[in-house]
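Q: So the chains spell out like this:
There are 4 protein chains.
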Amino acid sequence: MGENVVSAEKLNERLIANPFNNWMGLKILTLDEDSLEIGLKWREEMISNPMARVTHGGILGALIDVAADFMIAAKVGMPVPTVDLRVDYHSAAKPGDLKVVANIVRIGGTNSVAEARVFDSEGKLIASGRGTYFTAAAKKSK
Amino acid sequence: MGENVVSAEKLNERLIANPFNNWMGLKILTLDEDSLEIGLKWREEMISNPMARVTHGGILGALIDVAADFMIAAKVGMPVPTVDLRVDYHSAAKPGDLKVVANIVRIGGTNSVAEARVFDSEGKLIASGRGTYFTAAAKKSK
Amino acid sequence: MGENVVSAEKLNERLIANPFNNWMGLKILTLDEDSLEIGLKWREEMISNPMARVTHGGILGALIDVAADFMIAAKVGMPVPTVDLRVDYHSAAKPGDLKVVANIVRIGGTNSVAEARVFDSEGKLIASGRGTYFTAAAKKSK
Amino acid sequence: MGENVVSAEKLNERLIANPFNNWMGLKILTLDEDSLEIGLKWREEMISNPMARVTHGGILGALIDVAADFMIAAKVGMPVPTVDLRVDYHSAAKPGDLKVVANIVRIGGTNSVAEARVFDSEGKLIASGRGTYFTAAAKKSK
Numbered sequence: 002m003g004e005n006v007v008s009a010e011k012l013n014e015r016l017i018a019n020p021f022n023n024w025m026g027l028k029i030l031t032l033d034e035d036s037l038e039i040g041l042k043w044r045e046e047m048i049s050n051p052m053a054r055v056t057h058g059g060i061l062g063a064l065i066d067v068a069a070d071f072m073i074a075a076k077v078g079m080p081v082p083t084v085d086l087r088v089d090y091h092s093a094a095k096p097g098d099l100k101v102v103a104n105i106v107r108i109g110g111t112n113s114v115a116e117a118r119v120f121d122s123e124g125k126l127i128a129s130g131r132g133t134y135f136t137a138a139a140k141k142s143k
Numbered sequence: 002m003g004e005n006v007v008s009a010e011k012l013n014e015r016l017i018a019n020p021f022n023n024w025m026g027l028k029i030l031t032l033d034e035d036s037l038e039i040g041l042k043w044r045e046e047m048i049s050n051p052m053a054r055v056t057h058g059g060i061l062g063a064l065i066d067v068a069a070d071f072m073i074a075a076k077v078g079m080p081v082p083t084v085d086l087r088v089d090y091h092s093a094a095k096p097g098d099l100k101v102v103a104n105i106v107r108i109g110g111t112n113s114v115a116e117a118r119v120f121d122s123e124g125k126l127i128a129s130g131r132g133t134y135f136t137a138a139a140k141k142s143k
Numbered sequence: 002m003g004e005n006v007v008s009a010e011k012l013n014e015r016l017i018a019n020p021f022n023n024w025m026g027l028k029i030l031t032l033d034e035d036s037l038e039i040g041l042k043w044r045e046e047m048i049s050n051p052m053a054r055v056t057h058g059g060i061l062g063a064l065i066d067v068a069a070d071f072m073i074a075a076k077v078g079m080p081v082p083t084v085d086l087r088v089d090y091h092s093a094a095k096p097g098d099l100k101v102v103a104n105i106v107r108i109g110g111t112n113s114v115a116e117a118r119v120f121d122s123e124g125k126l127i128a129s130g131r132g133t134y135f136t137a138a139a140k141k142s143k
Numbered sequence: 002m003g004e005n006v007v008s009a010e011k012l013n014e015r016l017i018a019n020p021f022n023n024w025m026g027l028k029i030l031t032l033d034e035d036s037l038e039i040g041l042k043w044r045e046e047m048i049s050n051p052m053a054r055v056t057h058g059g060i061l062g063a064l065i066d067v068a069a070d071f072m073i074a075a076k077v078g079m080p081v082p083t084v085d086l087r088v089d090y091h092s093a094a095k096p097g098d099l100k101v102v103a104n105i106v107r108i109g110g111t112n113s114v115a116e117a118r119v120f121d122s123e124g125k126l127i128a129s130g131r132g133t134y135f136t137a138a139a140k141k142s143k
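Residue numbers (the numbering used here), protein chains in the order written: chain A, 2 to 143; chain B, 2 to 143; chain C, 2 to 143; chain D, 2 to 143.
Calculated directly from the structure, the hints in this document are not laboratory data.
Errors might be hidden in some of the hints.
As the list claims (entries may be wrong) - Here are some chain D residues pointing at chain C (derived, C-beta under 8 Å):
#1 Asn5
#2 Ser8
#3 Glu10
#4 Asn13
#5 Trp24
#6 Glu46
#7 Val88
As the list claims (entries may be wrong) - When the alpha-carbon atoms are kept at most 25 Å apart in a straight line, the in silico PhoX-like pairs for lysine-lysine are as follows:
#8 Lys42(B) with Lys140(B)
#9 Lys125(C) with Lys140(B)
#10 Lys125(B) with Lys76(C)
#11 Lys95(A) with Lys95(B)
#12 Lys76(B) with Lys140(C)
#13 Lys140(D) with Lys95(C)
#14 Lys125(D) with Lys76(A)
#15 Lys95(D) with Lys140(C)
#16 Lys140(A) with Lys95(B)
#17 Lys42(D) with Lys42(C)
#18 Lys42(A) with Lys42(B)
#19 Lys140(C) with Lys125(B)
#20 Lys95(A) with Lys42(A)
#21 Lys140(A) with Lys140(C)
#22 Lys125(A) with Lys76(D)
#23 Lys125(A) with Lys42(D)
#24 Lys76(D) with Lys140(A)
#25 Lys140(D) with Lys140(B)
#26 Lys140(B) with Lys95(B)
Stated by the list, open to error - Derived, one-sided and incomplete: chain D residues facing chain C with beta-carbon distance under 10 Å:
#27 Gly3
#28 Val6
#29 Val7
#30 Asn23
#31 Met25
#32 Asp33
#33 Gly62
#34 Gly97
Quick caveat, the model's predicted, so the values are computed rather than measured.
All residues carry an ideal CB built from backbone N, CA and C; glycine is no exception.
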């Protein structure tokens, strides 16, 4: 699938220049040829059901989308538009920081697919999913 | 698919008791037997790409999930866990309030499916999707 | 979303020129600006679990994909490649002919989205779903 | 995620007792704790576009669904109902036998998720996807 063409540092700059990513406290933890790991800093406003105090599914979906997109960005040079996204919810996420790990499924000239898994602070799998990304947009803007 | 068993007022109380929904400025606009309409109050932290100033896909996904879940809640009495979600991104969302309209696809005893479409303030279709919801949870908690 | 640019007759010729569609006994029943209805002729080889004698989920998925693609074909002139597909299974399909109804969600220059619902011979909703289709391919081949 | 509770031989008997699986010429090639590999025997009726002579997307979707379901069956004792399925189409599949490899994403008491990738006879990735399966059904029937 080709080598990474952007460093973790450059990708992280791009990641946090994005206000909503910044609100979620996202930060690239590790990047290698096969996977990208991003951390999320939990905040009270992320809660869904106030009794159960679980993290909102929208936050988990956003994490999967961002991680999959930035794993592709490492290969094509920049984040590209999400065409569509599937998110599977496995367990309720208790309050606490989260980690998401993304991998490439396939890099293509028009569209690419990447997948990601979200873990809670104890390493439990909370959610996972995959998205299609319009990689042709990266070629256009070069 | 059965009649609504909760009023728009009661559903709205439940909607905004949820801190992340509240952060998104969600509010039920209309509810009838066939559809639920929720408004979102745009805020600066919702921006994704800071140059293009488009609304983050994670926000659009959260909106679709919440609207589909609350349309089902109108039929089964309460919001229930999301099993999985698909989101299609159609157009970039410029800064501005959003509206989401949800409909039932099917109410089932174990799982139900609902779909939703997100529109910008000019009525343009921005994103759409559908989710599977674990409606058996509503029976258990009664 | 624009008017249909192909007749039901022309689309049906294209539909049945496809060997697997032909094996499934597909036939366009009705086509108007908003929806496309295709019938499937049930056959014994379509059975999944031999005890329960339900129709294989792969057949239901194929039906949804074909119907969504041909509804888009009515708008863009020809069936185009499926980018991805989501299928929700609602009920077991007993032996018997099926009907699928497709609608446009959005026609776009690069990708389009359509949805479809499969009904059994008694009008019961069996499965539904939506797919993303690469409509740019239709422009290229003109 | 627990050990396999069924042998490849027993699973294969169940696989081919299913008429549509049998029509597709499916056969379990290998099964270990982490993955299941199934082969498909190509046949002329599987063709979609008769000019391009590519394999129908419905066949690829069926393959992904069956492989994901049987990987879960290895863990829970039997194939269980598909709740929903996502399929990503990466490349056109030329005439020729196919292979699908499935892995568990998560085994749960109510629902489980598995993913699968389809390769052509030259080892090229043709399609991939993931599905949600109602594993509670396996407990009920024990």
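Q: I'd like to know which numbered hints this structure contradicts. Please list them from smallest to largest.
A: 1, 2, 3, 4, 8, 11, 12, 23, 24, 26, 27, 28, 29, 32 and 34
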